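Both chains are sitting in their own frames, so use the hints and assemble them into the complex.
Here's the letter readout for the chains.
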Amino acid sequence: VSEPVLEGLLFDGRSAAATPVRIAIAGGVLTVTTPDGVLLLEHDLARLTVTEAFATAPRQIGLPGGAAVEVADGPALTTALAAAGRRPGLVDRLEARWRAALAAVVACVAVIVAAYVYGLPAAARWVAGKLPASAEQRLGDGVLEALDGNLLQPTTLSEEEQRAAQARVDDAARLGAPAVRYRLLFRSAGFGPSTNAFALPGGTVVLLDGLVRGTASDDRLVAVVGHELGHVARRHSMQAFLKSAGVGAAASLLWGDFSGQAAAIPAALAMFDYSREAEREADEDGVRFLRAAGRSALPMVDALCLLQSVELEAHLGELPKLLSTHPKLAERIEHVRDVGGVAPCYRCPDPPPACSTCGPDGEDEPATGGPEGTPRPGGD
Amino acid sequence: LSELAASAPAAPADAFPDAPVPPPQPQRLPIRFTGSGGEYFRIWIVNLLLTLVTLGVWSAWAKVRKTRYFWSNTQLAGAAFQYHGNPGAILRGRLLAGAFFVAYSVAGRISVTAGMVAGAVLMLLGPWFFYKSMRFKLANTSWRGLRFGFDSTVGQAYAVLAPAVVLGVLFFGSLATMQRTAPGEKPNFVPVLLAELALFAFWPWLHARVKAYQHGRARYGNLAFELEPSTGAFYGVYGKTFLFALPLFLLFGIALAGVLAASGGLEDPGAVKGALVPIMVVSYAMLLVSYALAGAFFTARLQRLVWTRTHAGPAHFSTSVTARGFMRVWLVNGVLTLLTVGLYWPWAAVAIARYRLECMTVEAGAPVEAVAAGSLPAERSATGEGAVDFFGWDVGL
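Listed in order, the protein sequences are those of chains L and E. In terms of our numbering, the first sequence opens at residue 389 and continues consecutively. In terms of our numbering, the second sequence opens at residue 2 and continues consecutively.
Okay, chain E solo, but in the shape it has when bound (with noise of 0.2 Å):
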């Protein structure tokens, strides 16, 4: 409140008390983050080890302690944010999940058609987990006293993810023709190749739906929060990343043909042979290099797009993220991750999580005070979550 107070624009002392009252003006409060690597570290390493040798009981504990770590020490206006999952409800979502990928990974072995089977029931079920997971996470964080909620239905998600699960069940359905070519005939590509084509044509307006759907859905208390729509800005930012991207992959292409060329070229296989390792290891390199550059340009541009399109009720978000600041994030957190054999990930962690939050400044154009708790049901099931957890679908905010 001290901080609400405090870049609140000072009146003039010499002010008449009868000068018209100057309408209000948006307040600037930027997010502050004060967790550390170090105890980060702590945090990690000792609920590993209670992982381990809980044989993954714990993780679920884990998980909650973790969160609550970092939305604890992130700051708005004096006040922290608070997370609320259930370790035990957390711990039955994942068993659930875990079931699920048992039989889903035991299906392909059994059988391509049981496979397929199982595949397409995930798909499916899809949607219901996204939608679940949300309103897991929201509805158990908090700041101030109020709950955030995902206010949506079940039947909503499902009409908001329909083109990706149709988009879906083509591309697999494109790769399972190309599996079932006879031995000895030739496959056919042009399946593939057109669902790969709709793929890449509508993946920058899907990304868009499900995003104006994740933020459009959110409230904290009654606030209700929005996303404008923005489907051009999306294919802008991925054509963007494209052309961005295009000319480090060239250059990729160039330096692999220069160390194929100084090996001796293709026509003598066994200098080639020779040179494996340094060439293996050059382009591995150079695409992670590249993928991490075009990565940190793609994430920039997007997190900025989407919070300056985000707004709740009077209050607007921004961010300063950078595609060179996340560079730099990246890199340090990459080099040092490699050369600690991972010891050094919590601090990575706590790098990202303080970049991007101390990035961000919320423009509250009327009082904070001035919203109401929702009345929005609480979320006990966590089983979307633990799905979420389990195959990695993890989409943020």
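Next up, chain L with everything else stripped away, as it sits in the complex (with noise of 0.2 Å):
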């Protein structure tokens, strides 16, 4: 079999001008010829660089002293080096192949979405660890500052029901989370139904006027603020912001452009948009901090029927995603009931139909020895 024979052009490096040549590859070694046979260079084909095999772009192979010969036919020179044992780099071969590109398609997914879901949070738990408290509270400042711009009014409550309110929150705290500090913050929602409270990166606890009205006279305004402290030890809504930087930053790193990270209200809103687990973390820190304050997991239940009232009434979706913080309810009170010690059978008392009571006598009691039965409260 003669060695494949191909086409090329010589360049000399000094000025543009183009040879013709012909080129044999045999042995190890590159010949370059005139395409009368006249023989002008010969070299050693493991010194020559070879540019990247695609599928029909002409190859340059660079010659010492900065000359180079193009060949025209690339795909024809990518055999013929195979031929010599000159065979093209991974990375080649990979992206010469339509089964790799899907399987790469696959694998992207798989990657990001792992990072999305193992990565991602992780990551975020480090840095949110290793951050000093001094960043999360400016943070946490600047965030409120934007809110108290768009989102938030100034309170309508009496100084009274603040004070009253802040007694209620300190006096269980002292005993339930004697090591977490926090600052309360008192605002009413610019619109829609504001029964809701959250936690700033920092320990800001802000609570909303409905909720305080509407659990002035019993405990569940304590567990929902008990709940809140689980987020603000547990660092979630710092973690959230982080998760949602992390996205935006990979996002514009992909689409190779920066400006994403200019807008950073969405990644601040980002951090009320807690997992499930970081929901059901808090809930649990809820319950515990009812207990140690001396009281029983129910407020923590009639808390979030009361939040679930709520959204039931303000037609999902209605509100914006940042004041329905509370995905799957339901789920979540079932489990506090369980957590918490409270009676299976026990439903929320408000307002689908109450079936609030266990067995036919009427008898509501918890299940554990939780502190003396609070009273369930009445509809309110």
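Keep in mind that the hints were calculated from the coordinates and are not lab data. Only a predicted model underlies this, so the values are computations on that prediction, with no experimental measurement involved. Here a beta-carbon is modelled for each residue, glycine too, at the ideal position from N, C-alpha and C. Don't take each hint at face value.
[Unchecked claim] Restricting the straight-line Cα-Cα distance to at most 25 Å, the calculated cross-link-like pairs of lysine to any residue (SDA-like) are:
1. L/518 - E/101
2. E/67 - L/437
3. E/67 - E/53
4. E/67 - L/474
5. E/212 - E/173
6. E/212 - E/319
7. L/518 - E/102
8. E/67 - L/508
9. E/212 - E/244
10. E/67 - L/450
11. E/212 - E/343
12. E/212 - E/328
13. E/67 - L/490
14. E/67 - E/93
15. L/716 - L/529
16. L/518 - E/99
17. E/67 - L/484
18. E/67 - E/216
19. E/67 - L/597
20. L/518 - E/107
21. E/67 - L/480
22. L/518 - E/67
23. L/716 - L/508
[As the list claims (entries may be wrong)] Residues from chain L that face chain E, not an exhaustive set, calculated with beta carbons under 7 Å:
24. 401
25. 406
26. 440
27. 446
28. 450
29. 482
30. 489
31. 492
32. 496
Encoded structure:
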């Protein structure tokens, strides 16, 4: 079999002139001749560089001293080089195969999903743990400023109502979470029902007027604050913020553009979009908080019931996502009931017709020795 | 070379040997682009995966491979272009630019003053980045064995871009004065308005200045490129684009008013709230379409303006791109990229490159062979290139 002869153009690197040449590869040696067969150059193939193998593009062989031979029929050169034992690199070979490309699509999706599901939360937890408290505080202050300017309005609660709520929370927190530093703020939502509360990075807990009014005479407020202090102690909002910032940075890197970084508000709002796991942890913290403060878990259940009834009333979806934070409330109610030792047949007291009793005798008794079964609050 | 010969007018067969030699006719050399969307998709996705699993390190190699793909598939007069960027240098450049970027974002979070200082430093470094990036791009591109180049100095870059820096500082300074308004106090819009007016008035002039610099300092071997003075033409393109876009945006306003009226008018906030999603969808789509139409018009006009006025010694350039052509390519690209959640992107990139490149023609007034190598030094640092990639400042040729 005679070795293949390829047509090419020889560039000397000193002018744009091109000399038509023929090249042959045999025995690890590249031979460059004129079309008439006059030998021009001879080089050891192993010492030459060759540009990537593409499907149709010409390939260039770099010669010592800045000269180069360009072979218009790139694929033919690829075949000739392979016959001489010089196969394209691994990445070149992957790029040439449709099967590899489809596998890469699947692998890319898998990597992105895995990074999102496992890598990002772990990284966020690690960074949140390393950040100094002052950074968290500053971030929280910034978010509060942004919210105050846009979504929140000054509270309509009287001084007295505020003081009463503060005192109730402080009393419980002294026993329930003595190590957590927090600050209560009262605000009213600019729209929609305001039966909610949320924690900002740095330990600021914002209580909305509707919640404070609706729970003025019972421990549901304490339960809600216990839940929010769980978020604070576990730095959930910081982690959620870091996660969304990470997604933004990754997205803008993928799309090769960093202007997405300018839109920091979505990242700030995402910090209230807790994962189901984070909510579950905070609910358990709320129960623990209540217990430590000498109460039963029942107010936690009832607080969740209250949120559920508010959410039902407001037709899901009409609320901006920010303030309808708690998904899957039925599931959470069930979980709190289980960990809190509330009777499994306990149902939410309000709007859906109450089925609040256990048996036909109408007795409602928490299953554990929770302190003397707090009376179930009447419908409010 | 065969194409060179083929495109030269054949001498009449019956010409007498002693007939006077006709003056050399300029040779029209079309640019051929042989890339394919399918092949580029494979390259793109394999390199995306490698970039992901190496936490971004591979991105420098990916950039080189992708650039080489486009250049190797671009042929002029039977020879392809080659890209010689060194991935290691690009990685170092990207890391440095990344550090700049992180410092800049962190400074903004620490305090407003620190953020402004960082912004000012970045703006002052801009011309240097621009200069280094131009050098890196051109010095690492070759055709027929000769490198392109950018024959300028840092001082020239600063002199050319000084008005841009001044305008930028003015604009951001005026924004800062608004920011510092005490709560309750009425913000003073006059400085911002003045700064914006100045920006509008000088923008076409600045653009012409930067293009003249970019094209005027470019070299192929020892052949210098030049862009004829064209400030007036730049004002013309911007003015015509404005006139072209005006009815589009009027139409957009009327359509929006129509949707509002159909949803019950502004008197009934409840109805408007219900129609919020359709209103947002309609206005976003229309804004995008208007922007794309005006953008296509502007891009086509600008390309024609710049290339018809650019020449390199005896070689002249021309392009037959049209607004309609850009609109067609962009529309197909946009719709298919959306429908395929981004997977169509490589085909889109190839379609844009093909349209732009195959519309170009080079008229060589003298044989290309006469061009000799230039004496510009090689550019090894990719810091400017990294910054340009990172901050999305790519100006393109």
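(message) Checking each numbered hint in turn, tell me which of them this model violates, lowest number first.
(response) Those not satisfied are hints 8, 11, 15, 19, 22 and 28.
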